[in-house]
Every structure is written in structure tokens, then in C-alpha cells.
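Heads up: the protein sequence lines correspond to chains A, B, C and D, in order.
Going by this note's numbering, the residue at position 68 of the first sequence is 68; the numbering climbs one at a time, nothing skipped.
Going by this note's numbering, the residue at position 55 of the second sequence is 55; the numbering climbs one at a time, nothing skipped.
Going by this note's numbering, the residue at position 3 of the third sequence is 3; the numbering climbs one at a time, nothing skipped.
Going by this note's numbering, the residue at position 79 of the fourth sequence is 79; the numbering climbs one at a time, nothing skipped.
Calculated directly from the structure, the hints in this document are not laboratory data.
Cβ atoms here follow ideal geometry from the backbone N, Cα and C, with glycine treated the same way.
Hints should not be assumed to be uniformly reliable.
[Stated by the list, open to error] Under 7 angstroms between C-beta atoms, here's a sample of chain B residues computed to sit facing chain A:
(1) 62
(2) 111
(3) 115
[As the list claims (entries may be wrong)] Cross-link-like lysine-lysine pairs, in silico, DSS-like; alpha carbons within 25 angstroms at most:
(4) D/74 / D/59
(5) D/138 / C/178
(6) A/51 / B/104
(7) A/138 / B/104
(8) A/167 / A/74
(9) D/59 / A/48
Number of protein chains: 4
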Amino acid sequence: MKENFSTRDRIINAAIEVFFENGFSDTTVDDITNYAGVSHGTFYIYFKNKKDALRELLKETFDLLYDATEAPWKREHSYESLRESIYGFFKIYQSHWKVIRTWKEAAMLDAEFMQLWHNLVDQITCRIKQNIEYSIRKGLCQPIDSAVASQALSGMIEHYANNYLMKGETVDLNIISKTLAHIWYYGIYGS
Amino acid sequence: MKENFSTRDRIINAAIEVFFENGFSDTTVDDITNYAGVSHGTFYIYFKNKKDALRELLKETFDLLYDATEAPWKREHSYESLRESIYGFFKIYQSHWKVIRTWKEAAMLDAEFMQLWHNLVDQITCRIKQNIEYSIRKGLCQPIDSAVASQALSGMIEHYANNYLMKGETVDLNIISKTLAHIWYYGIYGS
Amino acid sequence: MKENFSTRDRIINAAIEVFFENGFSDTTVDDITNYAGVSHGTFYIYFKNKKDALRELLKETFDLLYDATEAPWKREHSYESLRESIYGFFKIYQSHWKVIRTWKEAAMLDAEFMQLWHNLVDQITCRIKQNIEYSIRKGLCQPIDSAVASQALSGMIEHYANNYLMKGETVDLNIISKTLAHIWYYGIYGS
Amino acid sequence: MKENFSTRDRIINAAIEVFFENGFSDTTVDDITNYAGVSHGTFYIYFKNKKDALRELLKETFDLLYDATEAPWKREHSYESLRESIYGFFKIYQSHWKVIRTWKEAAMLDAEFMQLWHNLVDQITCRIKQNIEYSIRKGLCQPIDSAVASQALSGMIEHYANNYLMKGETVDLNIISKTLAHIWYYGIYGS
DNA sequence: CATGAATGAGCTTTCATTCAT
DNA sequence: AATGAATGAAAGCTCATTCAT
């Protein structure tokens with residue numbers, strides 16, 4: 001009755017589920033293999049250990065997110081484009097939440113996964129920084145510190161997304177994206 | 001050569017150090033007692049287990065932070081008062097960083113500590129929310145969603161503070177507080 | 001690019017190499033099949049397990065050594081014939097060293113391989129014993145215990161050969177064979 | 001009903017027994033702790049692992065044997081003194097046989113234990129070599145290669161002792177020591 | 001109170017062996 | 001014959017917790 005997935009995929013998918021369910025730390029290799037319906041030893045055919053399995057599954061998510069988050073923050077920052085970018089970001093964050101939740105837990109425990117997360121965040125932050133610097137050069141906003149501001153704004157979005165998904169999404173995503181876009185837009189361009 | 005602290009205090013202080021040094025997960029009871037210079041068994045006289053020790057040490061920090069963070073966010077939100085509040089917040093966050101770092105790791109692993117952190121954050125967020133609602137009522141700012149906005153702003157500050165301390169504080173705190181106050185102030189009150 | 005050997009031979013030859021390289025204990029079936037360039041499962045077509053493979057490969061070496069060591073120790077024991085026999089023994093020991101090294105390791109772990117080695121040694125020792133007994137009967141040497149003496153002398157040669165090959169052969173084989181023949185010859189025939 | 005031994009001693013003694021009984025390779029930590037009547041975890045309080053336990057128990061035997069074997073081979077080599085030395089050597093070899101048997105197995109598997117054994121053998125061999133060189137200088141024997149001869153003779157004794165104990169000691173020790181002393185004495189001094 | 005030896009449950013990892021293709 | 005994925009038994013090691021002193 002096995003699904004049409006490779007054993008490796010079934011383990012990866014099982015890992016995503018049980019990491020999310022029990023947390024990365026509290027998950028044992030047995031939890032994963034039981035969920036995947038394979039024997040204990042099979043895990044070690046495909047992965048060196050639990051950390052290695054996480055590394056592998058994050059690789060895929062990293063690439064997806066890296067590509068998906070590149071474009072939006074590159075565009076010029078009108079209120080409307082910001083609102084759209086934020087809305088889109090929440091959607092994609094939401095669709096990868098199980099993995100992201102695990103990723104962020106692992107990042108608290110292991111510098112490697114922290115670094116990987118920063119690689120992703122830094123890309124976004126960098127785009128925002130470039131936008132702010134451009135706006136400053138054009139005289140569209142006051143000469144604030146672009147490094148601090150870009151980190152603050154990307155952090156605001158990320159933090160809100162985490163809280164939003166951690167708690168269970170009761171607020172309307174339209175209101176969220178409008179409100180965050182408002183703060184962002186006027187926070188930079190208001191004066 | 002023992003300090004003039006109670007055994008319990010010495011264990012608590014040792015725990016703070018080794019939790020910060022090795023991480024909460026990777027710390028063993030032995031690590032704590034070795035650092036404290038007491039025997040292994042002594043730990044269990046004062047604490048049920050590692051988690052219990054963390055609970056106890058967070059209690060103290062919680063009360064301190066709860067009191068210290070209440071006042072600032074209550075005041076009216078001029079740019080200058082915001083800048084001062086943010087500056088003060090960073091200072092206190094910094095002085096409790098070892099504990100906060102551990103707290104946030106534990107929060108990723110255990111709902112109890114997550115809840116405790118939220119209790120603290122909620123107080124701050126609540127004050128901010130009241131300020132925004134007051135400003136909306138007075139027509140000082142546009143009618144944005146105060147719940148979302150307050151979470152976003154407190155989240156922005158918290159997130160920046162974490163990154164700032166996680167990485168090792170190379171940016172001038174004055175620039176940080178000015179920049180964050182700018183975004184906040186204009187983000188809410190900018191036209 | 002496969003050699004013109006049967007699969008079984010390739011596994012046997014691979015086993016000889018990796019047993020010598022890693023030791024019998026530390027060698028896994030995977031090590032052997034990887035070296036042989038065949039799949040894991042193929043091993044079990046030809047052999048029941050690692051021990052079985054060793055048994056098979058020792059059989060061949062046993063027969064070779066059994067035949068090769070029979071003749072020399074049969075001859076009359078003049079100093080010169082002893083020197084030649086010892087020299088020849090070292091040469092043949094050397095040429096089968098990889099297998100012998102493994103054999104002796106296995107003999108320490110398993111009575112079966114110990115017994116097999118003794119079968120070989122006993123043949124040699126028996127010839128030596130017969131020689132000594134002949135010499136005693138003829139009054140060519142003192143009436144020593146032929147069983148003890150023959151074991152001691154074959155043991156001396158074997159032991160020296162092991163040490164010699166274990167360490168890496170820096171001494172001239174001519175000096176070795178002369179010296180050992182001297183001890184042997186005078187040890188038995190010296191007044 | 002525990003003996004008046006420290007836990008560490010009881011584990012060491014248990015290790016000696018089960019290493020001898022099952023072989024070092026085939027012994028598990030559980031075998032040792034079961035025999036010692038302590039729990040599994042207790043083993044790891046005193047030793048890093050099985051190899052570490054062996055290292056520790058060999059240390060003691062090494063020191064004993066090193067001291068006990070120094071003196072005899074130093075004396076001048078008359079037939080009678082040789083016979084006595086050999087007899088004494090067998091006695092002490094016999095009394096430490098369980099450990100030596102394990103030691104020699106481990107030496108086949110691990111260079112560290114091989115080296116340790118050689119340290120012991122080298123001391124004896126060195127004394128024998130000095131005796132032979134002295135005899136050569138004094139013209140008491142022919143100018144044979146002292147390095148080869150000393151290794152051959154110490155090897156002969158060691159090898160015989162191993163075989164003797166491995167098989168189960170059916171030969172009279174007096175006959176053995178006489179015979180080996182005979183070969184040694186005339187092997188060097190006969191001409 | 002303080003100690004630290006002892007416990008044993010729990011998890012990790014390896015690898016010989018099987019078997020469907 | 002040959003393959004190599006899958007299995008699961010067998011060790012290994014750690015560490016939270018207990019308890020007699």
C-alpha cells in the first residue's frame with residue numbers, strides 16, 4: 001500500500017511531519033521511521049543521522065524560498081507593491097511553515113542551521129536595503145541608516161509571520177498585509 | 001573559596017552561565033553542578049530536573065523584566081519618547097541577554113516557556129496597542145489595525161534586539177534607537 | 001574492465017587484500033564487495049558469511065603451504081641443509097604473508113582457524129621431531145625431549161618469521177637464515 | 001554479598017575472566033557488567049569503553065611482568081642459570097596467562113597493544129642480546145648476529161609458552177625448561 | 001544538607017543477512 | 001547470476017534520577 005514515492009522521499013516527508021509535531025529535539029529516528037513505515041536501519045541508508053536528514057530537507061526548502069523571495073523585494077516600494085509583497089511572503093511562509101518551524105528550532109540549537117536561515121534572510125534584507133538607499137539618494141525619504149532599517153523591516157515581517165503561524169492564524173491576511181505595508185511605507189517615506 | 005551565596009543561588013548562577021555557553025538542550029545536570037562546584041546529587045535537592053531549574057531562574061528574570069518594561073511603553077509616543085524607550089529597552093535586554101537567549105531556545109522546545117515569554121511580550125504589546133488606539137481616537141493617525149500594528153512594532157524591536165545580541169553588537173546603539181524610532185513614529189503617525 | 005577472473009575469484013582476491021589492509025575483524029562484507037567491484041548481495045551467492053570466505057581462501061593457501069613445507073624438513077639436518085630450509089621457508093612465508101597474517105589473526109579469534117594452523121605446523125614439527133629422534137637413535141646428539149625440541153625449533157622459526165614480516169623486513173635474509181640455522185644446528189648437535 | 005573489592009576492581013576482574021572466556025572481540029560490555037554484577041552504566045563511570053578497560057588492566061600486568069622479567073635474563077648464561085630463568089619465566093607467564101592471552105589477541109587487532117607487548121619483549125630481548133654480545137667479545141661463542149639470535153631465542157621461549165598454555169599444559173615443566181635451556185645453551189655456546 | 005556511586009531506560013548506529021527483481 | 005534496497009538484531013554510549021552514607 002506504499003505511496004508512489006521513493007523511500008528517501010517517504011523518510012523526508014515523515015521527518016517533516018514528526019519534526020513539526022514533536023519538535024526536532026524531541027524526535028527520535030524511530031519516530032521518523034515509524035511514521036514513514038520503514039525499518040529503523042533504512043533511515044541510515046539515506047542519512048547519516050537526524051541532523052543530516054534535516055540538512056537535506058532544508059536544502060530543498062531553502063532553494064524554493066530563496067528563489068521565491070528574491071523577486072518581490074526587488075521591485076520599487078510603493079505602498080501597493082509592498083502590500084502585495086508582504087501578502088505573497090505570508091502565503092509562501094505559510095505553505096512552508098512546517099519546515100520553517102523546524103528550521104527555526106534547529107537554528108536555536110545549531111549554528112549551521114542558524115547560518116542557513118541567515119543566508120535566506122540576508123538576501124531579502126539586502127534587497128530592502130538597496131531600495132532604501134535608492135530612495136535616500138533620490139531624496140524620496142530621510143537619510144536613515146539603511147542597514148538598521150532594512151533589518152528592522154524584514155525582521156518585523158518575519159517576526160509577525162512566526163507569531164501569526166505559531167498561534168494559529170485567526171487574523172485576516174488582508175488586514176495584516178495592509179497594516180504592515182502601512183507601517184513600512186510611512187515608516188520609510190512618511191516624514 | 002565559595003562565594004557568599006546560598007547553594008541554590010550558586011546552582012542558578014551556574015545554570016545561567018552554562019545554558020548560555022552550551023545551550024539549554026546540550027547542557028547536562030553535570031555541566032551545571034561542575035560549574036557550580038557542588039556535587040551532582042545536590043542539584044536534585046533544589047530542583048526536580050533541568051527544566052525545573054530553568055523555570056525557577058526565569059521566574060526571577062520575568063519579574064524584573066515585567067516591571068522594567070511596563071513603564072516606558074505606557075508613555076505618550078512622541079518620536080523622542082519612543083527613541084528613549086527603545087534605547088532603554090535595548091539596554092535592559094542586553095543586561096539580561098544570557099537568560100533571554102536561553103529562554104528563547106527553551107521557548108522553541110517547550111510550550112510552557114513559550115507561554116511565559118508571550119506573557120511578557122503581551123504586556124508590552126498591550127501598552128503599545130492602547131497608545132495606538134488612543135492616537136486613532138484622537139485622530140492623530142490613520143485608523144490602522146491596532147492589534148496587528150502593536151504586534152508588528154514590538155516584534156520589530158524584539159527581533160532586532162535578538163539579532164543585534166546574537167551577532168555581537170557592532171552597531172552604535174544610538175543609531176539603532178533613532179532608526180527604529182523613526183520607522184515606528186512615521187509608520188504610525190506619518191500621513 | 002573486469003579481469004578475466006570468475007566472480008568468486010575476484011571476491012576471494014578482494015578479501016585477501018582488505019583482510020590484510022583492515023584486519024579480519026574490522027573488515028565488513030561491504031569492504032570486500034566494494035573492493036571486488038561486485039554488489040553486496042553477490043557475496044552471499046558464493047559464501048555463507050565472512051568467516052566462510054576466510055575458510056575458503058585459507059583452504060587454498062593451506063594446500064599450497066602444506067605441500068611446499070613438507071619436503072625441506074624431511075631431509076637430513078646438516079647445518080647447510082637447515083640454512084637452506086630456513087631460507088626457503090622464509091621465502092614462501094613471505095610470499096603468502098597477506099593470507100598468513102589474516103590466518104593468524106583469525107586463529108586468535110576462532111578455534112577452527114587455530115586448529116587449521118596447527119595442522120600445518122604439526123606437519124613441520126613432526127618432520128623435525130622425526131629427524132631429532134633419528135639423530136638420537138644414531139647417537140648424533142644428546143637424548144633431549146624430541147617433542148619439546150621440535151616444537152621449540154619450529155616455533156622459533158615461525159615466531160621470527162612473523163616478527164620479521166610484521167615489522168617490515170630490514171634484516172638481510174641470509175644473516176637471518178645463517179643465525180637461525182646456527183642456533184638450531186648447535187642447539188641439537190652441539191655437544 | 002559483594003566481595004571486598006572496589007567496583008572498579010570488580011569490573012577489571014570480570015573483564016579478565018570474560019575476555020579470557022569469550023575472547024576480547026566477542027566480549028560485550030554487558031558480558032563484563034553481568035559477570036561483575038554491576039549495571040551496564042556503571043562500566044562507563046570507570047572506563048571510556050571496552051578498549052579502555054583492557055588498556056587499564058594491561059597496565060597493571062605490564063608493570064608486574066616488566067619488573068619480574070628484568071632480572072633473570074641479566075645474569076650470566078650458564079646452562080643452569082638459563083634453565084632456571086626459563087622455568088621461572090614459564091611460571092610467571094602461566095600465572096598471568098588469562099591476561100596475556102587477551103593481550104596477544106588484542107595485539108593482533110590493535111597496534112597500541114602490539115606496541116605494549118613489544119615493549120615488554122624488547123626488554124627481555126635486549127638483555128639476551130647484551131649477554132650474547134658479551135660472550136662474543138669474550139670469545140665464549142662464535143660471532144653470530146646478536147640481534148637475530150636474541151630475538152630468535154626469546155621468541156622460541158615465548159612461542160613455546162603460548163602453545164604450552166594454549167593447549168593445556170600436559171608436559172612436565174622440568175622437561176620443557178631443560179630442553180629449551182639445552183637448545184639455547186648449545187645453540188649459542190656449542191660449536 | 002551534601003555527596004557521588006550506581007542504576008537503567010532510551011537513543012544512536014552498524015552491519016550481516018535476506019529477498020524481490 | 002547479479003543486484004541493492006530493506007531489515008532488525010546487537011552493541012554502543014549517555015545522562016537523568018535515586019539513594020545510602
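Right, here's what the structure says about each hint:
Taking 7 angstroms as the C-beta cut-off, the interface hint given for residue 62 of chain B is violated, the closest approach to chain A being about 19 angstroms. At a threshold of 7 angstroms, the smallest CB-CB gap from residue 111 of chain B to chain A is about 10 angstroms, leaving the interface hint violated. Hint on residue 115 of chain B is violated. Least Cβ distance to chain A is approximately 11 angstroms, over the 7 angstroms limit. Between residue 74 of chain D and residue 59 of chain D the CA atoms are separated by roughly 23 angstroms; this keeps the pair inside 25 angstroms, and the hint holds.
A C-alpha spacing of about 21 angstroms is found between residue 138 of chain D and residue 178 of chain C, which places the hinted pair at or below 25 angstroms, so the restraint holds. Between residue 51 of chain A and residue 104 of chain B, the direct Cα distance comes to roughly 21 angstroms. Compliance with the 25 angstroms bound is thereby established for this hinted pair. About 40 angstroms separates the Cα atoms of residue 138 of chain A and residue 104 of chain B, which puts this hinted pair outside 25 angstroms; it is violated. Between residue 167 of chain A and residue 74 of chain A the CA atoms are separated by roughly 30 angstroms; this puts the pair beyond 25 angstroms, and the hint is violated.
With a CA separation close to 37 angstroms, the supplied pair residue 59 of chain D and residue 48 of chain A exceeds the 25 angstroms bound.
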